[in-house]
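Asks: Just so it is clear: in the sequence shown, position 14 is 14 by the numbering used here, and no numbers are missing.
Source of the hints: derived by calculation from the structure; they are not laboratory data. Treat the hints with care, since some could be wrong.
[Said to hold, decoys possible] Pairs of lysine-lysine, DSSO-like flavour, derived with a Cα cap of 30 Å:
| id | residue 1 | residue 2 |
| --- | --- | --- |
| 1 | Lys10 | Lys51 |
| 2 | Lys37 | Lys10 |
| 3 | Lys52 | Lys37 |
[Claimed, not checked] Ranges between beta-carbon positions, derived for each pair:
| id | residue 1 | residue 2 | range |
| --- | --- | --- | --- |
| 4 | Lys85 | Lys119 | 19 to 25 Å |
| 5 | Ser47 | His84 | 18 to 24 Å |
| 6 | Ala68 | Gln43 | 25 to 31 Å |
For each residue, glycine too, the CB sits at the ideal point set by N, CA and C.
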Amino acid sequence: MLAPCEVAVKCVLPAVRAMVAKGLMTKHGLKQIDVAKRLGISQSAVSLYSKKMRGWAIDLESEEDIVAVTDDIATSLASGEMVHKDFIIGLCEVCRVIRGKGLMCKLHKSFDPSYEIEKCELCFVRTLRCV
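Turn these sequences into a full structure, and let the hints steer you where they fit.
Replies: Below, the structure written as structure tokens:
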């Protein structure tokens, strides 16, 4: 059985990075190369995010609380206020919110057919923490 963090690495983190990248480009006017430097990824990855060819396995843009957090991360990265450690903590916090809302369950099932969504409470356990 896959751990929730494995599903998050494959689907959730790319989706969150795509949202942050989009915010950095649209709201803060940064170029792809500058976004890549701030996110610690390649410019080609940013290009794929902007074309929705990567990072769209899970739709998070309708989740207001997640949009607010990713917007805050983008603003902090754009201003240079956010250091790498804070970025990682921010990603983990977004992931906790996503797990807590049950947004990863269907994805988890697609990766691991033996996963029983109805019986699982793992993502809702308060002690499940990455950082």
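Asks: If a hint holds in the structure, say so; if it doesn't, say that too.
Replies: Each hint tested on the structure:
1. Lys10 x Lys51: Judged against 30 Å, a Cα distance of about 18 Å means the pair holds.
2. Lys37 x Lys10: 21 Å, holds
3. Lys52 x Lys37: 19 Å, holds
4. Lys85 x Lys119: 19 to 25 Å: 36 Å, violated
5. Ser47 x His84: 18 to 24 Å: This hint holds: roughly 22 Å between Cβ atoms.
6. Ala68 x Gln43: 25 to 31 Å: The hint (25 to 31 Å, Cβ to Cβ) holds, given that Ala68 and Gln43 are roughly 27 Å apart.
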